[in-house]
Amino acid sequence: MNASLLEVRDLKVHYPVRSGFLRRVNDHVRAVDGVSFSCRKGKTTGLVGESGSGKTTIGRAIIRLAPITSGSIHFDDQEITGLSKGGFFPLRKRMQMVFQDPFNSLNPRMSVFQIIAEPLEIHFPQMSKADRRKRAAELIDRVGLSATQLDRYPHEFSGGQRQRIGIARALAVEPEFIICDEPVSALDVSIQAQIVNLLQDLQQELGLTYLFIAHDLAVVEHISDDVLVMTGGKIVEQASAEAIYADPQSDYTKKLLEAVPKF
Amino acid sequence: MSLLEVNNLKIRFHGRDETVEAVKGIDFTLNEGETLAVVGESGSGKSVTALSLTRLLPPAPTCQSSGEIRLDGRDINSLSARELRKLRGKEIAYIFQEPSSSLNPVFTVGYQIAEAIKLHIPGEKDVTGRVIDALKAVGIRDAEKRYKAYPHEMSGGMQQRVMIAMALACEPRILVADEPTTALDVTIQKQIMDLLAEIRQQRKMSIVLITHNFGIVSGFADRVVVMFRGEIVEQGQTEDVLRNPQHPYTKALIACIPRLGSKQERLTTIDYESLVSS
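Protein chains in written order, with my numbering: chain A, 15 to 277; chain B, 485 to 762.
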């Protein structure tokens, strides 16, 4: 049993619903409703569920892109929910995110170099521009693009290449933990395979821990060590990737398995 | 004679400094009541082929196409703008990938479906009733209420059902579904594909399914056409192509799909360089 890098206990994210003349809060959307799990160090935890199941909200809550209603999150044995903005800052370097849509998650007005160097400027302010350039060249090469492409802009790249740029940006600050939020669902199946392989290579080489969020069980089963199945803001099943396929327990997991095309 | 016949179709796009040959002379046919899948990656020319069937591509000089497209023996290229308008939606209808950008956000879904009916069936007295029937046919509950809903009040799966209802409202002979489930979750994908299969059964309609995923082709399409860089590299009966693919590109495209329960160390990827040189 590996030590866990991330421990989430009874996490709740509720959004208030306001209505009426006084905009009173009269209901809550329970996006995440009491979720507990852990991510083992150096392993991949897959998080599956349909749109609206709360899977993306969990990812966003961990890196504070969504407000937490209650619950605790321990990262490397440190409780992080109570941290101030400044207290959380050093952790941002250790946790990064790769987003779903490579067309919306890269600023169209920034060159590839600027995109990859921006996190370096923030987290390593002492780095010289030449060093940043060198580091960006290493990163772009590592994700399978060429350093000669650093001065190009996102629109000059295909979807799969843009996703590689997003991965290079996430890797720039040498994180330990990467949240991949549907990193391959916007891509063609053939390109999806390339990106999944790249993520696996990087994990082996750099010892990364992934939280891999997706709706496609076949991809999740392939890449994950542990799988969490979510619906309606709750985790309905958690098990190893092998067990979830061989012996699904909940009806919802069975339904998801059935939906994967077989041929 | 086939319902639809495409002969030596070529499509070129002229940019400022370069010309892209998107489709390089392809031939295929579609029979009455048949489902044909066109499989290929982004940039293979499958979507422009679909659009060219009713001449929806941009006009010359941006885009030039040549070749023959015959629907029931009529050459589509010889039709006037007026005749084309009659053809689009009535004979050949489309469903596109992204339902949220295909629907107009400022009109109710009922209004948008009614628009198609009013255009193609001028004598129709009970347009509203027909729209409600169309919504019911695609499995939307409370069709009378949902008639007045705006697209943003619906989920992606529901919006795609509305698109299907709209495409089917005028009972087209051919439905062109361009990546109908790519923007949707796997569970919703299954629902939509099941729905299309059911409607096809009821109406004996022909379908052209455009997709990059061999996974959804199996069990749905009768025949498959595989496109790579503007050319058809392989075509045949779906089961034959899936079981015994001939062209290396087809083999690679089938191999790269992750499958449940057969965990590999690495997913297979496509080696484009060897394909181009061969």
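The hints are simulated quantities; they were obtained by calculation from the structure and are not laboratory data.
Misleading hints may appear alongside valid ones.
Covered stretches of chain A, going by a simulated chain B footprint (3 or more residues, C-beta under 8 Å) [as the list claims (entries may be wrong)]:
(1) 68-76
(2) 141-152
(3) 183-197
(4) 253-261
Partner residues aside, some chain A positions facing chain B, computed with beta carbon under 7 Å [said to hold, decoys possible]:
(5) H42
(6) E64
(7) D240
(8) P275
(9) F277
Bear in mind the structure is a predicted one, so any value in this text is a computation, not a measurement.
Note that beta-carbon positions come from the ideal geometry of N, C-alpha and C, so glycine has one too.
Verification of the supplied hints:
no. : hint    : in the structure
1   : 68-76   : violated (count 0)
2   : 141-152 : violated (count 0)
3   : 183-197 : violated (count 0)
4   : 253-261 : holds (count 4)
5   : H42     : 20 Å, violated
6   : E64     : 5 Å, holds
7   : D240    : 14 Å, violated
8   : P275    : 4 Å, holds
9   : F277    : 3 Å, holds
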